[in-house]
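> So the chains spell out like this:
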Amino acid sequence: EPEVTQTPSHQVTQMGQEVILRCVPISNHLYFYWYRQILGQKVEFLVSFYNNEISEKSEIFDDQFSVERPDGSNFTLKIRSTKLEDSAMYFCASRLLLAGEVFYNEQFFGPGTRLTVL
Amino acid sequence: SQELEQSPQSLIVQEGKNLTINCTSSKTLYGLYWYKQKYGEGLIFLMMLQKGGEEKSHEKITAKLDEKKQQSSLHITASQPSHAGIYLCGADGNDMRFGAGTRLTVKP
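Line by line, the protein sequences are chains A and B.
Position one of the first sequence corresponds to residue -3 (this note's numbering), numbered consecutively onward.
Position one of the second sequence corresponds to residue 135 (this note's numbering), numbered consecutively onward.
In short, the hints are calculated from the structure, not lab data.
Values in this document were obtained by computation on a predicted structure and should not be read as measured data.
A virtual CB, placed ideally from N, CA and C, is assigned to each residue, including glycine.
Please note that a few of the clues may not be correct.
[As the list claims (entries may be wrong)] Restricting the straight-line Cα-Cα distance to at most 25 Å, the calculated cross-link-like pairs of lysine-lysine (PhoX-like) are:
1) B:194 <-> B:172
2) B:185 <-> B:198
3) A:38 <-> B:198
4) B:161 <-> B:202
5) A:38 <-> B:170
6) B:203 <-> B:170
7) B:172 <-> A:38
8) B:203 <-> A:38
9) B:172 <-> B:198
10) B:170 <-> B:241
11) B:185 <-> B:161
12) B:151 <-> B:190
13) B:203 <-> B:185
14) B:151 <-> B:172
15) B:170 <-> B:190
16) A:53 <-> B:161
17) B:198 <-> B:151
18) B:161 <-> A:38
[Said to hold, decoys possible] Derived list of chain A stretches under chain B, where covered just means 3 residues or more per stretch with a C-beta under 8 Å from a C-beta of chain B:
19) 36 to 42
20) 102 to 112
Sequences are here, hints too, so could you generate the full structure?
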């Protein structure tokens, strides 16, 4: 069964360093997402991406964050200068988009990358 | 933005007992999703509801969406230890907004 994969599973970094989190969405999916979950808190939407551009972003997704689809398979989240409060689990998700039926299929989530900022 | 309130926050039940988790939205839901998360792991899709009054079942889990499309419930019949985890409801849109989750513990 196709699945969303994420690498690395755990990333430890020093405050101020740049990190890139990688995701491989399900191959025929067209809509991609990043979420984060601070330990013990809600899963929070960061950004959605469709047709090679950001579709929606939350207030969390500030200038320190960027997303990219560098090739036909990867979807990345970059944090330019990490802060302690960026420590969280980051989830990638993808969804098959059908024309005119954008709400009619579920998002498939990856297993997450645990980011620890020291 | 759409806010989702889940209740209860946590639930401890004896194996074999039935239970219900609720999810209430501040706005009309266009799509309501239930996911399950094991601590520190990813989200596993359970069910999706879109129409008012819709009800879906999978194995021992039943989810309903009320007619007004602002409230959903997840019911587990004859709970088992494998049902333990965090249940999240999510409201669809161009993003997905989640409730805070209900942590379910099933005692053998």
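> Does each hint fit the structure? Answer for all of them.
To see whether the hints hold, each was checked on the structure:
| no. | hint | result |
| --- | --- | --- |
| 1 | B:194 <-> B:172 | 18 Å, holds |
| 2 | B:185 <-> B:198 | 10 Å, holds |
| 3 | A:38 <-> B:198 | 22 Å, holds |
| 4 | B:161 <-> B:202 | 10 Å, holds |
| 5 | A:38 <-> B:170 | 13 Å, holds |
| 6 | B:203 <-> B:170 | 21 Å, holds |
| 7 | B:172 <-> A:38 | 14 Å, holds |
| 8 | B:203 <-> A:38 | 22 Å, holds |
| 9 | B:172 <-> B:198 | 22 Å, holds |
| 10 | B:170 <-> B:241 | 18 Å, holds |
| 11 | B:185 <-> B:161 | 15 Å, holds |
| 12 | B:151 <-> B:190 | 20 Å, holds |
| 13 | B:203 <-> B:185 | 7 Å, holds |
| 14 | B:151 <-> B:172 | 20 Å, holds |
| 15 | B:170 <-> B:190 | 16 Å, holds |
| 16 | A:53 <-> B:161 | 20 Å, holds |
| 17 | B:198 <-> B:151 | 19 Å, holds |
| 18 | B:161 <-> A:38 | 19 Å, holds |
| 19 | 36 to 42 | holds (count 5) |
| 20 | 102 to 112 | holds (count 8) |
This entry satisfies every hint, going by the numbered hints stated previously.
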